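We have chain A; now place chain B onto it with these hints.
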Amino acid sequence: MALEIIRPGMLTTIQDRGRFGYRRDGVVVAGAMDEWALRIANLLVGNLNSRSESGQIKPEPMALATGFDVATIYQTAPEASAYGSGRVSLSSLQSESLSRSPNVESPAIEFFLVGPTIDFHQDAIFAIYGGCWNASLGGKPVRCGTPYRARVGQRLEIREATAGAWGYLAVNGVFDTPKVLGSRSTHSRSRMGGFEGRALKAGDQIGFKSNCTALTFTANVSCRYVPWTDSVYGNSRDGNELDGGQQSDSQNQSLASTIRFVRGSHWGMLDASNQETVTNSKWIISKKSDRMGYRLEKPSESSLSQRVESDRLQLASPFEMLSEPNTIGTIQLPSGGDPIILMSDAATTGGYPRLGHVAHVDLPRLAQQRPGTAIQLQVISLAQAHQLAIERERQWRRLLYGVRHEPWCALV
Amino acid sequence: MGDAPFSVETLGDQAMLVRFASESTRKCFDRIRYFEQAVKRLSISGVIELVPAYTSLAVYYNPLVIAEFELRQRLLKITLTESITGDAVGADSETIEASSSREIIVPVCYDREFGEDLAYVAQVHGLTIEEVVAIHTSACYFVHMIGFLPGFPYLGGLSHRIATPRKESPRTFIAAGSVGIAGTQTGVYPIDSPGGWQIIGRSPWQFFDPSAATPCRIQAGDTVKFNAITRNEFGIIHKQCMVRNGS
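Protein sequences, first through last, are from chains A and B. So the first sequence is numbered by our numbering: it starts at 1 and just counts up by one. So the second sequence is numbered by our numbering: it starts at 1001 and just counts up by one.
Hints listed in this document are in silico derivations from the structure and should not be mistaken for laboratory results. Check before you lean on any hint, since a few could be wrong.
[Claimed, not checked] Listed next, the in silico DSSO-like pairs over lysine-lysine satisfying Cα-Cα at most 30 Å (straight line):
1. B/1040 x B/1027
2. B/1167 x A/288
3. A/209 x A/179
4. A/298 x A/282
5. A/201 x A/140
6. A/287 x B/1239
7. A/179 x A/201
8. B/1040 x A/179
9. A/287 x A/298
10. B/1239 x A/179
11. B/1040 x B/1077
12. A/140 x A/209
[Said to hold, decoys possible] To spell it out: a stretch of chain A is covered by chain B in this simulated footprint if at least three of its residues, at any positions, have a beta carbon under 8 Å from a beta carbon of chain B; those stretches are:
13. 9-22
14. 25-36
15. 181-191
16. 318-330
17. 339-350
[Claimed, not checked] So the derived label-pair ranges between C-beta atoms look like this:
18. B/1211 x A/381: 37 to 47 Å
19. B/1235 x A/378: 50 to 60 Å
20. B/1183 x A/188: 36 to 46 Å
These numbers were taken from a predicted model, which means no experiment stands behind them. From the three backbone atoms N, C-alpha and C, an ideal C-beta is built for every residue, glycine too.
Chain A on its own, in the form it takes in the complex (with noise of 0.2 Å):
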């Protein structure tokens, strides 16, 4: 009773929202890349948030659909208060707040580029979500952004994403995998979590537990759909903070490249032309980026410029400085001058200059970029970040909001 690895696909792990509490012990927080593109592929299996494993929310059936097969599946039951009116305080966001926080969410695999080719020998409610992704079920092919009942002896194949970089394939219940120091996140340095903490391999067996009875997965087919191009990638149909909303509806339509970010400790060590090449510039995230960070670099066409010396970030004067903690996020100035950005696998601390901290709305739009494309750092305050989380999070609750009570309209 299980899922069973085929092919693993690259980089294929077990991840949840991250390992929280340890930081000070050196435990990396790890956890998946893009978190929304993590929740997202949860709820749409139906994992809504931690508190249905603490069994303070009853589970109760609910009718859902695909255009494919039909099942129903139990659901977690709405929250007493909360969701009706669209406006969200900040005191009533505490419970299920965006941010990481110590209460992980359902793990789902990860992977990178190249997804894995997955048996089914139970049936299954599952769901891919972050980036576009070629992917057939027993031949068929499937939407992202959909959930889909398999059936025992099924065959997903997720080939090579079209668009994004970091996909998650869901399935309804929880990985029978043990949670390590609180967390089912995979970290493969420390051998720590996920499945024998390790990346997926041929052959790997991935017990799970659904809540799911199968009886009927209805009529109301695309109720669960969340399409990949929403604001939170910077392909907003609003349009009103990045690119005016211009792009095609092509699924190869590349993501909105501008990231946000605080200014950090040593901001203020770079002179004034030094912050004007971090912001004015194009970085490229480099080939060699991954997991614990994505390093910026350059493009190369500069490179052929006589201005690749001045261009070179550089404090003001040299500095050495003692380790300090770092955070997911933190822009990173080493010697040599090109940039790195931490992703979920960063050490805990670190020596080198904090340029700043990327904002944590587009942690997950950052992600999604994949090595070679170019990005655009752009400074925002403190304030403004926060606003935005409140602003993501109003987002997640109109998300829910949809799934339990218009189940019948798209989710967008």
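Quick look at chain B alone, frame taken from chain A:
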């Protein structure tokens, strides 16, 4: 004293950094520890975790639960209290803290088999291998912080007579338990890892165990001494550690 005791810096939109001094001293460590305890006692809702480092303490928080301004105010209030008691205790604090610190004696086998860079370290300083081992085992090391890897202790107090720069090109594999030197720091690799430190020996202990209530055998604030053991003793202790962990 002269300098202001603390400042609060931004560490992104979900953390702030409380900075205590520019130099890592025992007194600075004591202040950080005091401050950390004070924050814990307040049990501020929205604070996720606290991470102490050499001269600073990171406070990770959820901005949807507690406003940055409010958290900052609450931290600054502690600061005042601490600076009063901290200054009052002032000069005596080192002796007070010394008594409350755990001393951990770590067995290390300095055989060539484990201490791959021992000969190099000896040669650089014009010492014999025995002298290097004697110097390394004679000192008391203070654990300033844990970081880099799960359970990796940053130890201060290495004698300048054996301080050696990192290797020019890091090794791709260093076994768990390996004891190394990097500049004036010494430390133990708690898990298998790549690394650039000069390796002079190996301890049979398991330093990091995620299934234990306290995963790290060595904690910030501990005092560490190294005790030389033979290859034979290494084998025996190593076996005991494996049995205890059921593997």
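Below or equal to 30 Å on CA atoms is what counts here, so check residue 140 of chain A against residue 209 of chain A.
-> holds (25 Å)
Within a Cα-Cα threshold of 30 Å, do residue 209 of chain A and residue 179 of chain A meet the stated pairing?
-> Holds: residue 209 of chain A and residue 179 of chain A sit about 15 Å apart, inside 30 Å.
Lying within 50 to 60 Å: is that true of the beta-carbon distance residue 1235 of chain B to residue 378 of chain A?
-> Given a distance of about 58 Å, which is inside 50 to 60 Å, the answer is holds.
Mind checking the alpha carbons of residue 1040 of chain B and residue 179 of chain A for me, to see if they're no more than 30 Å apart?
-> Cα-Cα ~25 Å, so holds.
Between the region 9-22 of chain A and chain B, see if three or more residues pass the 8 Å beta-carbon test, and mark the coverage as holds or violated.
-> holds (count 3)
Given the hint that residue 1040 of chain B pairs with residue 1077 of chain B, does the C-alpha gap stay at or below 30 Å?
-> holds (14 Å)
Has the region 25-36 of chain A got at least three residues whose CB is nearer than 8 Å to a CB belonging to chain B?
-> n = 4 at 8 Å, threshold three: holds.
Would you mind confirming whether the straight-line C-alpha gap from residue 1040 of chain B to residue 1027 of chain B stays at or under 30 Å?
-> Holds, because 20 Å separates the two Cα atoms, which is no more than 30 Å.
Compare the distance between the alpha carbons of residue 1239 of chain B and residue 179 of chain A with 30 Å, and conclude whether the hinted pair is satisfied.
-> holds (27 Å)
Compare the distance between the alpha carbons of residue 287 of chain A and residue 1239 of chain B with 30 Å, and conclude whether the hinted pair is satisfied.
-> Judged against 30 Å, a Cα distance of about 43 Å means the pair is violated.
At the C-beta level, are residue 1183 of chain B and residue 188 of chain A separated by a distance inside 36 to 46 Å?
-> violated (29 Å)
Given hint residue 201 of chain A paired with residue 179 of chain A - CA-CA distance at most 30 Å = Holds, at roughly 20 Å.
Of the numbered hints listed earlier, those contradicted by the structure are 6, 20.
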